[in-house]
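In full-length UniProt numbering, the protein residues as written are 1 to 411.
Please keep in mind that the hints were generated in silico from the structure rather than gathered at the bench.
Incorrect hints may have been included.
Computed spacing ranges between beta-carbons, pair by pair [stated by the list, open to error]: (1) T285 / R50: 35 to 41 angstroms; (2) I28 / T76: 23 to 29 angstroms; (3) E15 / M94: 17 to 23 angstroms; (4) T285 / S54: 54 to 60 angstroms; (5) V236 / S54: 34 to 40 angstroms; (6) F180 / L97: 36 to 42 angstroms; (7) D266 / P95: 33 to 39 angstroms.
The model shown is predicted, which means the values in this text are computed figures rather than measured ones.
A virtual CB, placed ideally from N, CA and C, is assigned to each residue, including glycine.
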Amino acid sequence: MSMCRWFSRGWTLQELIAPKHMQFFDQIWGRRGDKNTLENEIARICGISREVLSGRRGLSTIPIAVRMSWASKRKTTRDEDMAYCLLGIFDINMPMLYGEGEKAFIRLQEEIIKESTDMSIFAWKKFGSEETPAYTGLLAQSPMDFREAGSLRTLENMEDHDIDCSISSRGINLKAPTVFICQTGFLFLPVFHRDQPTPQHLGESSYSNMFLGSVSVGLYLRRVGSGLFVRAMPQVLNTLSEALVSETRPIRIPKTLSADQTAAIDRRVVNVLLSNGPDDYDLTTEAGPAGCWNPSEGKLYAGHTGFFLGYIKFYTPKYIVVSFFLICRFDASRQDPWRFALISNHENKARPSDIEMSYYHYDCELFFTEKTEISSNLQSSYHSFSISIKFRSTGVDVSPESQILEVRLKA
1 MSMCRWFSRG
11 WTLQELIAPK
21 HMQFFDQIWG
31 RRGDKNTLEN
41 EIARICGISR
51 EVLSGRRGLS
61 TIPIAVRMSW
71 ASKRKTTRDE
81 DMAYCLLGIF
91 DINMPMLYGE
101 GEKAFIRLQE
111 EIIKESTDMS
121 IFAWKKFGSE
131 ETPAYTGLLA
141 QSPMDFREAG
151 SLRTLENMED
161 HDIDCSISSR
171 GINLKAPTVF
181 ICQTGFLFLP
191 VFHRDQPTPQ
201 HLGESSYSNM
211 FLGSVSVGLY
221 LRRVGSGLFV
231 RAMPQVLNTL
241 SEALVSETRP
251 IRIPKTLSAD
261 QTAAIDRRVV
271 NVLLSNGPDD
281 YDLTTEAGPA
291 GCWNPSEGKL
301 YAGHTGFFLG
311 YIKFYTPKYI
321 VVSFFLICRF
331 DASRQDPWRF
341 ALISNHENKA
351 RPSDIEMSYY
361 HYDCELFFTE
371 KTEISSNLQS
381 SYHSFSISIK
391 FRSTGVDVSP
401 ESQILEVRLK
411 A
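From just these sequences and the hints, can you work out the full model?
This is how it looks when you write it as structure tokens:
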């Protein structure tokens, strides 16, 4: 029975769930049973719970990702029908436009988001291909991306969280609890669902464990601009204790990313290599905007939008009052898109808080003076240069005596 094509077609999914009574016949019209007597076998084949098949549980109580997983192994003749065959499953009305291909599934997700705050719609992941991009938008490409989401269960206190979601031409605007991962600079976005495999899912799911309690599955985001994020490591869903998720922040994420945009994120990076020189300065770094900086790899991401303003702050506990800022500005509209300025809080008679305040108000021209700018002679195609720093109790010298910092840029 599991080899029957009827169970692999997209349009038959809602035909299976909607009727209360259904009888099954083989190809020579021999009766094989009905929906009630075959309930266990149908549940095993389709990954749909017996409560849903029997009508004891309504579709609206099932997480969106779980409902998507029911269609993850089904096929349709036309790409558009992979979205249209799910309209009844999600109680969505939208025009059926043939010729748009996979964009139909993007439209379906947009319509679902307009009607629901169920964050599990973002609990998808890419699978096992060498061509998996490093970054994507927030929406899945097809139901296949949900094929391991069938065991997700809603956290009991999901309604306690203030979640707001809207869609515009610029992407998906979210106001949701998040947490920054210090080691990588990723933003962790929980979906407030846990993975609890049922016996029929054990052995199929690649989530690492059966997570109980208030531990949420979630995804990683990389910051690429002012309030703008993209999904990072789309082949991974991880877990985090809900107790660690505290700050609610507004974020915007593109619905999709093109191959060129993904490549731009990897290409527009400031790589920072640190060495402490002949003396042990124990050099420490901070960077902003938060989430654009990956401290474990020493990378500052300028993103794909065409404009970026970021900074890297360096200081040493040996001279705690002395610090300097490397201001990094990218503007794709300029012939020389990268500009850099090195500012010492001692030489510029400014406190670190003053410099940070100017940065956050985008007063970037204040930084690029004849004295501070270090990028005027750089080529626009490729930048590689070294900055030698020597800390003193009275300030910071730029000198060849002790190389503290090497900055390489790829553009």
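Among all the numbered hints in the text so far, which are the ones the structure does not match? Hint 1 alone not satisfied by this model.
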